[in-house]
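Residue strings, one per chain:
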Amino acid sequence: MERKITLPLTAELAGSLRAGDRVLLTGTVYTSRDAGHKRMCEALARGESLPFDPKDAVIYYVGPAPAPPGAIIGSAGPTTSGRMDAYAPTLMRAGVRGMIGKGARLPEVAQAMQEYGAVYFGAIGGAGALLAECIRECELIAYEDLGAEALRRLYVEDMPLTVIMDCHGGDLYKQGREEWLKEHGTAR
Amino acid sequence: MIREIDSGQVTDLVEKLCIETNVYLPEDVREAIRKAREAEDWEIAAGILDRISENYELAEQRHMPICQDTGMACVFLEIGQDVHVTGGSLEEAVNEGVRRGYERGYLRKSVVADPVRRGNTGDNTPAMIYYDIVPGDIFRVTVAPKGFGSENMSAIRMFKPSAGLDGIRDFILETVENAGPNPCPPMIVGVGIGGTFDKAALLAKKALLRPVGSSNPDPFYADLEREMLGKINELGIGPQGFGGRTTALGLQIETMPTHIAGMPCAINISCHVTRHGSGEI
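Sequence order for the protein chains is A and B. Take the first sequence: its letters are residues -11 to 176, numbered as in my numbering. Take the second sequence: its letters are residues 9 to 289, numbered as in my numbering.
Hint data in this document are derived by calculation from the structure and do not stem from the laboratory. It is possible that part of the hints are untrue.
[As the list claims (entries may be wrong)] Quick look at which bits of chain A chain B covers, simulated, 3 or more residues with Cβ under 8 Å: (1) 48 to 56; (2) 82 to 92; (3) 95 to 108; (4) 159 to 167.
[As the list claims (entries may be wrong)] Simulated pairs of lysine-lysine, DSBU-like, Cα-Cα distance not exceeding 30 Å: (5) 168(B) with 207(B); (6) 43(B) with 170(A); (7) 170(A) with 239(B); (8) 162(A) with 239(B); (9) 162(A) with 43(B).
[Stated by the list, open to error] Quick list of simulated restraints, FRET-style, between CB atoms: (10) 43(A) with 100(B): 47 to 53 Å; (11) 0(A) with 175(B): 51 to 57 Å; (12) 16(A) with 92(B): 40 to 46 Å; (13) 49(B) with 78(A): 24 to 30 Å; (14) 166(A) with 129(B): 17 to 23 Å; (15) -10(A) with 92(B): 56 to 62 Å; (16) 146(A) with 96(B): 46 to 52 Å.
Built from N, CA and C at the ideal position, the CB exists for glycine as well.
When you get a sec, could you build the whole thing from the sequences and use the hints?
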């Protein structure tokens, strides 16, 4: 069963989510990947504010394809989250409570997620056309020179996501595989 | 007889293939996804495979890229030795095709000009071009856009010959295990064994061009392909790494002779959006 959730990602909402939960997410998210994260963390280090209010915000790790005529955005699936691991704890400290991406995270990120009550959602990697369908609004808000890596504000409706890591230490990458191996026998 | 080909024809074909390969998933990959879905009894995994199928169908309907990572354009040219390309540089003709394809197809430009100092080139060039000179007057172009979520999980190792087949078996499983959820599983695994350091890597990439589910003509390697695909699909990583049977859709091995002192082995990991398309002039 998929659960419908609406942003902002408050402490209460984040606390209610568990690894393995399938959700349909509605609300405003911000896009950023490697180069954008570097800039945001440099801005925070200089004591400057971010181009958006980070409180209870959700960042989508995506560099979309250009919008074809008549569309607001091109294909927009997640990029590998691990490349943002160096920056994620700093952004959580600033208030960011949710991340959407794909792939494994470092233990430091899992720790910071528990400390700040954050959630890591997985979007289906490689499903860029399907995910673009959920994006209703798209506005470029900063770092335009970064092209696909610029910072965009998106309004998404019923975006299909799976909770990969929750703020209680749950991790679907570990649990999902363990459960499958328990049923089917270990391989090695 | 020398056959002349105008470089403009090369540009046109490369442009067309860049767009088509990014929008239409090849039939062999679709078939592999369908088969995997039938064999998948794990609920979360089956759900992911359904969404993956919906995605490539939607991409085709909307004429938009299957995945936003429209890749680096890997271009393989098979050029008959009786062909003469006129009207300008062949390399530039290929790059112009990539430039136009990525602009006109609304594909993402994902190439940086310098590996350390970065800086997007803005037009997805340069292409990664490989030239094979073959007998006759054929001119065949294959475009295989390659995303880096999976490329980053690839690996190469220079084995001692004494490591034998078991060394290769372990290396394949170790590489897939290490890739885990990062390369957007279900993945396709290209294995290159033999040659030199560089040739092994190229063999692994060329293995990904073979139709998924096809077997190496040598029964020894065909058996190894089946065995290793089976073992990978017992790891439990599953689609997207959420657990399940379908960790890989296919595994293809390509080999060539090597030195008495060595056994290079390269593994090129690809995702469920493994794209390739060919055309001839």
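Exercise. Could you tell me whether the CB distance from residue 0(A) to residue 175(B) stays inside 51 to 57 Å?
Key: 53 Å, holds
Quiz item: Between residue 43(B) and residue 170(A), does the CA-CA distance stay at or below 30 Å?
Solution: The given pair, whose Cα atoms are some 24 Å apart, holds under the 30 Å limit.
Self-check item: Verdict on chain B covering the stretch 82 to 92 of chain A, criterion of 3 CB contacts below 8 Å
Solution: holds (count 3)
Exercise. Given that the stretch 48 to 56 of chain A was listed as covered by chain B, double-check it with a C-beta distance under 8 Å for 3 or more residues.
Key: holds (count 7)
Quiz item: Has the hinted range 47 to 53 Å been met by the Cβ atoms of residue 43(A) and residue 100(B)?
Solution: 51 Å, holds
Exercise. Given the range 17 to 23 Å, decide if the beta-carbon distance of residue 166(A) to residue 129(B) lies inside it.
Key: 44 Å, violated
Quiz item: Given the hint that residue 162(A) pairs with residue 43(B), does the C-alpha gap stay at or below 30 Å?
Solution: 26 Å, holds
Self-check item: Pair hint outcome, residue 162(A) versus residue 239(B) [Cα-Cα no greater than 30 Å]
Solution: Since the Cα atoms of residue 162(A) and residue 239(B) sit roughly 19 Å apart, the hinted pair holds (cutoff 30 Å).
Quiz item: Are there at least three residues in the stretch 95 to 108 of chain A whose beta carbon sits under 8 Å from a beta carbon of chain B?
Solution: Result for this restraint: violated, n = 0.
Practice problem: Note whether the CB distance of residue 146(A) and residue 96(B) lies within 46 to 52 Å or breaks it. | Solution: Holds - the Cβ-Cβ distance for residue 146(A) and residue 96(B), about 50 Å, lies within 46 to 52 Å.
Self-check item: Stated coverage of the stretch 159 to 167 of chain A by chain B [criterion: 3+ residues, CB within 8 Å]
Solution: Coverage by chain B holds here, the residue count being 7 at a Cβ distance below 8 Å.
Quiz item: How does the Cβ-Cβ distance of residue 16(A) and residue 92(B) compare with 40 to 46 Å: does it lie in that range?
Solution: 58 Å, violated
The structure fails hints 3, 12, 13, 14 (numbered hints given earlier, in ascending order).
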